[in-house]
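Next come the chains, spelled out residue by residue.
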Amino acid sequence: MEHARLQLVNKLFNDRPKSYKYNLFQMKLLIDRLTQHYNLTDYKQQRHNLAFVTVDKQLSPDIITHLRDYEGFSHFVLLSCVDWIEDDKLQLTYLLNQPNHKYEIGVRVLIDRKNPEMVSLHKMWKQIWTYQRELHEAFGIIFPGSPRLEENFVLEGWTEKPHMLRDFDTKEYAERTYFPRPGRTSNDPATYMREKLYPNQPVTAKTNKND
Amino acid sequence: MSDLNINQKVSEMLQRSEANAQQDEKTFVRPEDELREVVAPDGSIIKINPLYDYYSGERPQEDKPKNAIVEKFLNWARSESIWVLGFGTGCGSIEIPPLVTPRYDMFRFGVQMRATPRQSNAFIISGYLSVKTLKRVIRSYEQMPSPKYVIALGSCTINGGMYYDSYSTINRLDKYLPVDVYIAGCMPRPEALLAGFGELKRLIKEGKGEKANEYARNFDEYKANQKKIIKDWNMPDYNW
Amino acid sequence: MINSFLGFKPDRSLYPKTNAEGKLEIDLSSHQYTKLWLGPNHPGVTGNMAMELTLNGDEIVEGKTHVGYLHRGFEKLIERRLFVQGFPTSIRMCVAEPDTNEYLIAACTEELSGYDKQVPEMAKWLRMLSLEMARLQGLLRGVPGQAGTFSLGIGVQWGTYLRDLILDRFEELTGARVYHMYIIPGGVRGLLPDGFKDRMEDNLKEIDQFIIKIRKLIFNNAVFKTRAVGLGVITPKMVDQYGIVGTNARAAGVKRDVRKDNPYLFYDLLDFDPPTATEGDVYARTWVRWQELIQTVDLIRQIMAKMPEKGEIRAQMPNVLNWRIPQGETYVKLESGRGEYGLYYVTDGSDKPRRVNLRGPSYTHGIALLEDMLVNTNIADVHALMVSLQVCPPEIER
Amino acid sequence: MSIYYKLGYTLLGLLIVLNWGMLMSAIFRKIVARVGGRYGIPYYQPWIDLIKNLGIRTTLSHGIMFYLGPVFRFTGAVGLFLFMPVLFGNEAWANFSFQGDLVLILYFQLFGMLGMALGAGEGGHPHSAIGISRGLAQHAAIELPMTMGIIALAIQYQTLSISDIVAAQQGSVLNWSIFTNPIAGVTILLAALGAMGHSPFNLVKAPNEIPIGPPTEYHSTFLGILMSSGAILHVMEAVLFMNLLFGGASNWFEMILKTFLIYFYSVFVGVVYPRFRIEQSVAWFFKIPLLLGIIAILMYSF
Chain A
0 MEHARLQLVN KLFNDRPKSY KYNLFQMKLL IDRLTQHYNL TDYKQQRHNL
50 AFVTVDKQLS PDIITHLRDY EGFSHFVLLS CVDWIEDDKL QLTYLLNQPN
100 HKYEIGVRVL IDRKNPEMVS LHKMWKQIWT YQRELHEAFG IIFPGSPRLE
150 ENFVLEGWTE KPHMLRDFDT KEYAERTYFP RPGRTSNDPA TYMREKLYPN
200 QPVTAKTNKN D
Chain B
0 MSDLNINQKV SEMLQRSEAN AQQDEKTFVR PEDELREVVA PDGSIIKINP
50 LYDYYSGERP QEDKPKNAIV EKFLNWARSE SIWVLGFGTG CGSIEIPPLV
100 TPRYDMFRFG VQMRATPRQS NAFIISGYLS VKTLKRVIRS YEQMPSPKYV
150 IALGSCTING GMYYDSYSTI NRLDKYLPVD VYIAGCMPRP EALLAGFGEL
200 KRLIKEGKGE KANEYARNFD EYKANQKKII KDWNMPDYNW
Chain C
0 MINSFLGFKP DRSLYPKTNA EGKLEIDLSS HQYTKLWLGP NHPGVTGNMA
50 MELTLNGDEI VEGKTHVGYL HRGFEKLIER RLFVQGFPTS IRMCVAEPDT
100 NEYLIAACTE ELSGYDKQVP EMAKWLRMLS LEMARLQGLL RGVPGQAGTF
150 SLGIGVQWGT YLRDLILDRF EELTGARVYH MYIIPGGVRG LLPDGFKDRM
200 EDNLKEIDQF IIKIRKLIFN NAVFKTRAVG LGVITPKMVD QYGIVGTNAR
250 AAGVKRDVRK DNPYLFYDLL DFDPPTATEG DVYARTWVRW QELIQTVDLI
300 RQIMAKMPEK GEIRAQMPNV LNWRIPQGET YVKLESGRGE YGLYYVTDGS
350 DKPRRVNLRG PSYTHGIALL EDMLVNTNIA DVHALMVSLQ VCPPEIER
Chain D
0 MSIYYKLGYT LLGLLIVLNW GMLMSAIFRK IVARVGGRYG IPYYQPWIDL
50 IKNLGIRTTL SHGIMFYLGP VFRFTGAVGL FLFMPVLFGN EAWANFSFQG
100 DLVLILYFQL FGMLGMALGA GEGGHPHSAI GISRGLAQHA AIELPMTMGI
150 IALAIQYQTL SISDIVAAQQ GSVLNWSIFT NPIAGVTILL AALGAMGHSP
200 FNLVKAPNEI PIGPPTEYHS TFLGILMSSG AILHVMEAVL FMNLLFGGAS
250 NWFEMILKTF LIYFYSVFVG VVYPRFRIEQ SVAWFFKIPL LLGIIAILMY
300 SF
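Protein chains in written order, with numbering that gives the first Met the number 0: chain A, 0 to 210; chain B, 0 to 239; chain C, 0 to 397; chain D, 0 to 301.
Hints are not guaranteed to be accurate.
Restraint ranges, calculated between C-beta atoms of paired labels, are given here [stated by the list, open to error]:
1. C:G194 to D:T58: 36 to 46 Å
2. C:E51 to D:L290: 34 to 44 Å
3. B:R201 to C:D270: 52 to 62 Å
FYI, nobody ran anything at the bench for these hints, they're computed from the structure.
These numbers were taken from a predicted model, which means no experiment stands behind them.
Ideal Cβ positions, reconstructed from N, Cα and C, are used throughout, including at glycine.
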């Protein structure tokens, strides 16, 4: 039984690289085709079936339409936003999936953090307006023409700045607004464990092999 | 009651409701809830204040127990028949289905689920409360007939639990509603819930389940706390 | 003919009219329409959410989903916590199948820090076991729960009892009933206890009997068929338009399963074929889920037979308190009971993540799809549609 | 027999019927629990619930009709009892039944419903209004086949008095109307499924879709009255079918046994079936039961 199991696992490890390589090859072809048409400012192959490309804000609706209509990225996975407060940029990530070749591409668009505005894509997929509505509430991004953009999504009567921005301090807000129970102490586990439990551990432990 | 009396009473109510409306600083009144004037079919002009027409804006009254012996008998009946409002306010409600199914059948102890606040006596706050839910919880709580009990489930209702720094959830439930029984844990097991019901029964039998009166007594304090965090206060102060 | 005469299917395509902008013209003061809020205080709504319905008689002309009642700001809170502190926080994102969150956040951190190759084999098998057990307990609630929406409560009672048995096994394995925190970065927390497989097998035998009983109770039930057949149809064309995943897509004939498409862990070692149907209505979705219940039981048996007896369960990881992950971003997904469930994870080189975004299947099912599906259905079917799409509000609002 | 004795017996009978109805509702919930594998509520739970509801301190009203709704319902239940011969061949327990009481009883079945419609409508909750409109629609669909079956029996026995119908069925089991007039019997029994208000015909009070339905706003004493009138109604419906189809009862034990079986016939159907939507249930009653009812009438017309 143990022998049969080992055979199975070996078979898996022999088979997987082949499909990985095939996937990678397909993705490379895709990127080649894309670079012929568009100016991709950044490209990173994160995994055999996942790549991230960065494009200009003006170009992004074009490239997403191209991906959907000509490259078969018919499944829209996710629209997300990352706040790069140091660079004064907001990064929008459109994650698309190709169901036939089974790979994914993330289209990253950097927009201005002071005046966040982006073209609404609500006519391309029927669920995108939900993401845009959420991002409008969470990051204050304006998508002109997106339906029900101004409606509350998760919060009600919110008067502070958009809650997912990095400079909104949730702990400070919670302590100011709600009533923290007196007597509750919470320790930062890192410092607590370092001081109380492992006093002899060197602070500059080996953190990561890539560091 | 003669027509005159009724007219007088209506005008009194209107005056009171207008005064109430002016007192409250309402930044979030929806357009359909605003004060407005309507022309009746006979040409007279009627003032309408939808918020106070739809609900009673009166303060809650204390309902003190009257006859000790009768009350003792009623308390026994109340403790043996606890009707819980079926409002899953948080993730603790995942442990309610096991309670009404074969493993931990809570019907054995006279605890039943009801769908409407009018017919319920106990409110299980199942875990953390976001401010948006708290608003609905307050309305449901105030609609429940007295005597009513609140069971707070999970550590998040006691001191915020792991959401102590969240901008969306409250930290202490007892600042907004009077709590009878706390059940600690994240999440509390069904056995803990059954034990909590046992504790609630004991409290009711001892005549200590009078938190609804406490709410009426300290009404202003509770309201101030509630209004502090519910920015979108487009409802009357007390709604039956 | 008598059926069409007695079927009472009025033509609701004429009113309410749509105006030039494509919006419905609904005048509430005309007394033709009723505004009805279903939830949040409503026993039938899945979790804590609300449907704002505009009714014409018993039929819905417009429906809006309102979420946010369970909003805790997880994504914000995880940004304030160390990578390892994110685990107990993240698993509470979805209470129905918490293990999926554990795996996702572990896989994301491992991939970005380069430890994904070092996760031991035994740990991967155990991860798979806990994921399948989570799927099983979800299905034990979900399949009879669909009949429960039509008030056939008996199946729900049996199913919840069996779910309790699976939770017992979870308790044995991990020490907790609902929130397990079993999968940690680099592996899992423990090996199987002695005799676990025997006790699991006993439970699976009971579930086998339950599966047969459920077929008699639900799928051969005339009233259930009357209610469920033809209700809430998803066409294959809609699948890509709305981003429908999981059993909802498979019931419409679109075979998408992350376990098959992008195999993670050791799913390509298991012998299974995701069940599909073609009708795409509530009945087909329940049928697909019932077949998936059979398959999950089979998968758990396969995993227990194929997994090694013992082995390393944890990779050598850095000190989690000083764990820094270099800048990067990734998207890891898995097939949960409700469909493709993914996590978008961005790190910036510090000891805390920069951004975490969960992609729950309910996000599209519960808002865009449900709102469009509600139009022209009866108010009595709202709850059934919600449950059949497996809407789980905590993963919409996080 | 003096009217005072008669009144005393009637009140005593009402008490027995009320308590039997409460016990029956407890047994009903116990059976549903046992099918699901649960232990279920204690048998005395309905009485405690009743006392608890009467002891609630807050009682608020939405208007006069809101008060009168439960009163109407209770009146309907008591009226059904007053004009129903509960035991056959016993002047004391025949209550105030008279020639032609069958028509009155058919009317009283609807009476409580209409009262609830007015009261619940004044409650103002949309769930009540929707529940009421569903309830009235479904009730109309149930009434039609049931009335047809009952009229067929009336034609068969050439009388509108329940006592006479019961008297005609005495002697042997084979004299029961269910055997002498099976088509009318089946019609009434199918309609009885709806009249008992269990699944699959309980969308009116569906807790999942529209919680509780008409009594959404009712609480405390109002709910107590509704509970007790519901208990009486269930027994009296069963007594009506017992009198019409199963030869009545000559003593309390027989009555309790027969009403139990009739009531639980609908409970057992309800346990294993989900519920119909309202238009589906209306369509259901307008198909086979209505057809059978027409056949039953035509059979005795020619």
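Here is what the structure says about each hint:
1. C:G194 to D:T58: 36 to 46 Å: violated, 58 Å
2. C:E51 to D:L290: 34 to 44 Å: holds, 42 Å
3. B:R201 to C:D270: 52 to 62 Å: holds, 56 Å
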